[in-house]
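Chains as they are written, first to last, in the working numbering: chain W, 107 to 289; chain U, 107 to 289.
No lab work stands behind these hints: they were computed from the structure.
Backbone N, C-alpha and C fix where the C-beta goes; we use that ideal spot for every residue, glycine too.
Some hints here could point you the wrong way.
Below, a sample of chain U positions facing chain W; criterion: calculated Cβ distance under 8 Å [unchecked claim]: (1) I183; (2) I207; (3) N261; (4) I272.
Away from chain W, derived, C-beta distances all over 12 Å, residues of chain U [stated by the list, open to error]: (5) G177; (6) P179; (7) Y216; (8) R232; (9) P281.
Single-letter residue listing:
2 protein chains.
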Amino acid sequence: MVTSFFTCKKIISSLAIAAMLSSVAPSLAAAPADKKDPVAVEAIAEQTLSTVQVVATGYTAGYESTGKRPGHPQYGITYSGVKVRRGQVSTIAADTKLFPIGTLLYIPGYGYGVVADTGSAIKGRRLDLYFETIKDVYKQWGKRTVAVQVLRKGNGKLSQAWLNQINRAVEAGKPIPQTYLES
Amino acid sequence: MVTSFFTCKKIISSLAIAAMLSSVAPSLAAAPADKKDPVAVEAIAEQTLSTVQVVATGYTAGYESTGKRPGHPQYGITYSGVKVRRGQVSTIAADTKLFPIGTLLYIPGYGYGVVADTGSAIKGRRLDLYFETIKDVYKQWGKRTVAVQVLRKGNGKLSQAWLNQINRAVEAGKPIPQTYLES
């Protein structure tokens, strides 16, 4: 039983490594030539000083993220003074106590980032990743694969009255009453 | 060896179920009273007609998502005619061939959604989840936990010239040349 447990642990570790590698792959996939070249992945791993688990969100230079609109003298200018950039090495925001300005990171699913900016909510193990547009944030970062549960198949119609009623009937964290699940 | 493999499979399945349950938990966590009540989770599972894996993004009623600004006669009005809503049962966009208008879903990490809207990019196993603000999309849906690799510790300064130079030096999918990694 003990042997079997450790065999499992090994298999689970392999799965974890495979999952990590697959999360590295998408950003490299941007360059088709390198898809065949495993050296790039290894080289990135070799250069690493350390690996840190962080929670990352996306942001833009726009009003919703910075409170500045085009025309503002500081629009698109990071805390460090450099202009925001989405490129081979993009500008990102971090807590400078953890990652001083100029720190270079490799962020799976995003690419290389250099710490150039800060943010009032970006404290500790938090990063804000720069994207050119809100749509880019939605599509390139704010995407999740989830297993959704189908509770009732719709009949093609939805009324405001029914939507209001079901919202009154459902209590937070409670299942939907059976009567609303009948098509 | 065969026995050990199947034992592992069982353990891995248990892990997968645990992961699924933990992904259900956060949205229920909105109602502290129900955190202690495992019945709610079971009840949700019992009502399920089927489970479908989808890719979900967030959207708002705003210009970046709908091309309409406040003041437009159709601003905040979904394809079904009902108003967008983030509540116990929120309005979501789906491909109506897969999920007809009025379909009720439970989306882990979001909550209950009723298909009320459509979108040009929302085809097949894709969902767009309604949020009231762009910031809500960023913070509530566009958040990822990632293991970032620290390649170089910054010295607190960053110049536009260096940022331009490193962007010219790094080729897509290739590691950063060693000279840029020395602090």
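Structure-based check of all given hints:
The beta carbon of I183(U) is not positioned within 8 Å of any beta carbon in chain W (closest approach about 10 Å), and the interface hint is therefore violated. The criterion of a C-beta within 8 Å of any C-beta in chain W is met by I207(U), whose closest approach is roughly 5 Å, and the hint holds. Using the Cβ-Cβ criterion of 8 Å, the hint placing N261(U) at the interface with chain W is satisfied: the shortest such distance is roughly 6 Å. Given the 8 Å rule on beta carbons, the hint for I272(U) holds: about 5 Å separates it from the nearest Cβ of chain W.
Distance check on G177(U): its Cβ is at least 18 Å (rounded) from any Cβ of chain W, clearing the 12 Å threshold; non-interface status holds. Annotated as non-interface, P179(U) keeps its C-beta farther than 12 Å from every C-beta of chain W; the closest such distance is 16 Å. Chain W draws Y216(U) into its interface by the beta-carbon criterion, the shortest separation being 8 Å against a cut-off of 12 Å. The beta carbon of R232(U) is not kept farther than 12 Å from every beta carbon of chain W, the shortest such distance being approximately 10 Å.
The Cβ of P281(U) does not lie farther than 12 Å from every Cβ of chain W; its closest approach is about 4 Å, which violates its non-interface assignment.
Comparing the model with each earlier hint shows violations of hints 1, 7, 8 and 9; every other hint is respected.
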